[in-house]
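Given chain A, work out where chain B should sit, using these hints.
Quick note, the sequences are listed as chains A and B, same order.
Throughout the first sequence, residue numbering follows our numbering, covering 1 to 565 in sequence.
Throughout the second sequence, residue numbering follows our numbering, covering 1 to 40 in sequence.
It is possible that some hints are incorrect.
[Said to hold, decoys possible] Simulated crosslink set (DSSO-like; lysine-lysine; CA at most 27 Å straight-line):
1. A:Lys361 / A:Lys375
2. A:Lys352 / A:Lys342
3. B:Lys7 / A:Lys226
4. A:Lys178 / B:Lys7
5. A:Lys23 / A:Lys267
6. B:Lys7 / A:Lys99
7. A:Lys313 / A:Lys99
8. A:Lys267 / A:Lys283
9. A:Lys226 / A:Lys267
10. A:Lys23 / B:Lys7
11. A:Lys99 / A:Lys509
In short, the hints are calculated from the structure, not lab data.
This one's a predicted model, so the numbers in the text were calculated from it and none came from an experiment.
This is what each chain is made of:
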Amino acid sequence: MNIADWIVLIATLAAIVGYGVYKSRTSRNLDGYFLSNRSMPWWLILLSIMGTQASAVTFLAAPGQAYTDGMRFIQYYFGLPIAAVVICITFVPAFSRLKIYTAYEFLETRFDARTRTFTAFLFLIQRGLSTGISIFAPSIILSTILGWNIYLTNLVMGGLLIIYTVTGGARAVAYTQKIQLIVIFAGMFIAGYYVVHNLPQDMGLSDALDVGGKLGKMNVITTGVKDGRFDWSDRYNLISGIIGGFFLALSYFGTDQSQVGRYLTAKSEKESKLGLLMNGLVKIPVQFFILLIGVLVFTFYQFNQAPVFFNEKELVRLESSEYGDSLATLRNRSLSIQSSRKEALSAYTKTKSPIHLETLKGLQVETDEVRSSVKSLIRKNGGDDNDTNYIFLRFVMDYLPVGLVGLLIAVIFLASWGSVAAALNSLASSSVVDFHKRFIKKECGQEEDYNVSRWYTFGWGVFCVIVAMFAYNIGNSLIEAVNILGSLFYGTILGIFLVAFYFKKIGAKAVFIAAVLAELLVVTMFWLSEHDYIGLGFLWLNAIGSIAVILFAIMAQTIQGYPKK
Amino acid sequence: MKTGDDKVPLFRSWNGWYTFVLVVLVILIVLFSLLTQHFT
Chain A
1 MNIADWIVLI ATLAAIVGYG VYKSRTSRNL DGYFLSNRSM PWWLILLSIM GTQASAVTFL
61 AAPGQAYTDG MRFIQYYFGL PIAAVVICIT FVPAFSRLKI YTAYEFLETR FDARTRTFTA
121 FLFLIQRGLS TGISIFAPSI ILSTILGWNI YLTNLVMGGL LIIYTVTGGA RAVAYTQKIQ
181 LIVIFAGMFI AGYYVVHNLP QDMGLSDALD VGGKLGKMNV ITTGVKDGRF DWSDRYNLIS
241 GIIGGFFLAL SYFGTDQSQV GRYLTAKSEK ESKLGLLMNG LVKIPVQFFI LLIGVLVFTF
301 YQFNQAPVFF NEKELVRLES SEYGDSLATL RNRSLSIQSS RKEALSAYTK TKSPIHLETL
361 KGLQVETDEV RSSVKSLIRK NGGDDNDTNY IFLRFVMDYL PVGLVGLLIA VIFLASWGSV
421 AAALNSLASS SVVDFHKRFI KKECGQEEDY NVSRWYTFGW GVFCVIVAMF AYNIGNSLIE
481 AVNILGSLFY GTILGIFLVA FYFKKIGAKA VFIAAVLAEL LVVTMFWLSE HDYIGLGFLW
541 LNAIGSIAVI LFAIMAQTIQ GYPKK
Chain B
1 MKTGDDKVPL FRSWNGWYTF VLVVLVILIV LFSLLTQHFT
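If we strip away everything but chain A, and leave its shape as in the complex, we get:
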């Protein structure tokens, strides 16, 4: 990175941290630290919800996801607006009536302390691990840019986050997310502009999308039907997106404290609902444009030589290994393919002829074969063969002008900080409210509550940094890893809440037994799918977990007998 990029990066991050510390002046009690005294308007709730959900994982990996797999990932968000409506109808009124700090407090009033504790415990595991992965995401960037050891980089990134979040509390989290989103949207727009700007002069946005589309990347809507049958193992399609995505979003926004904590800061029920519904309106278009950048980057690399593998570090390792000659051969083949592609592209853009299109498709197949061969060599060399997270970063580093590289890197940090800060705040709030004050020390003064809360925030920050240290071995794209982790627990947690809201005759014992059994079922099905005994997309686990809790709870209550009126 150029010195100007470093200045922009450091200045942007320092400004955000400074603003966060400035906005940390709040009441020194639980209401102030965790809920910002329940004072936020709907638009700040909206920005906070968006900032919490859109982490560096979104901005870093999503364009890479579109580059490799096309736009169909957008379908994953189709259930979100439906979930927002359900949450506004049921969850928000219940939470606001009880004036709770965490979603899990509600469960004790409905069931018992054991159910509340179990659910809060599942949340802490799932969110704690996911947040660790989300700390790791910007650390990859630093590590790749600076050549730092990834473990040292995790420490640096996590250390900065802990300072910022312990000082800030919910109020600082919300206000910094506002600024972060402005910077992020500006950065997205600039990146999108420069991708199109760097295309050949006679090629506009529509032409770029046409090329991307003809090569299979504009697959926005897919049915998941293969050979006349619905493919349950297909991860992203219209049905899994609406149904599976609905259950995931319902659980995430309805029961995950990192999001519930956002709209509990609202000054009224109306403001909570508006924030959630507006998120339901804007999330899909925003995500569409983030993914579209990936398609544009793909089209860009049709006209420019793409690396055979986007993780530079792995390529350097491969070069100096016994596979160096094989890599050189593949690189030469890639150069030759690119040379043929330029001719075919030039002819296709002029004539739109099907013959030239078939040539392009054939060349894309060859390119995919080269990439596949390189990945195979990397695997043999003991490296990580997934470069999805590096695609957008590679483009930014190689093609954006001086100064803007620093801004885009800052964007990625800010996106990460926004969501991780909210997550740490929620982990601490659940730890304090659902465990510490419930079991360790029920009665203490406001100042002590405040200090304990800050210590828990610090403790969770340390835990998440430790998780980040182990995240390097995850093979999937980061964005998928976070969502797979969510799907292992969200279904069961959601099922507990659905029973609480809609099945009034089911009691605490039945729902607890059902939750344990449902969680075992979900983990088993995930294991079977991972080892190819069954084919099941991870999105379905949310629905399976929720429905299993409901069914098992009904069975358990039936065996137990329903209480007499």
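Chain B only, in chain A's frame:
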């Protein structure tokens, strides 16, 4: 947090908002389908 009886903005009731959000979702899916067909 205040509960319950705040006036609903823009629509007569919250059902208006819920319908609006769901209609927008349907419109987006239709638009995306047309986009997919057009570009592929």
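We went through each hint and held it up to the structure:
| no. | hint | in the structure |
| --- | --- | --- |
| 1 | A:Lys361 / A:Lys375 | holds (21 Å) |
| 2 | A:Lys352 / A:Lys342 | holds (14 Å) |
| 3 | B:Lys7 / A:Lys226 | violated (49 Å) |
| 4 | A:Lys178 / B:Lys7 | holds (26 Å) |
| 5 | A:Lys23 / A:Lys267 | holds (18 Å) |
| 6 | B:Lys7 / A:Lys99 | holds (20 Å) |
| 7 | A:Lys313 / A:Lys99 | violated (51 Å) |
| 8 | A:Lys267 / A:Lys283 | holds (23 Å) |
| 9 | A:Lys226 / A:Lys267 | violated (49 Å) |
| 10 | A:Lys23 / B:Lys7 | violated (30 Å) |
| 11 | A:Lys99 / A:Lys509 | holds (25 Å) |
Violated hints, in rising order: 3, 7, 9 and 10; the structure is consistent with all others.
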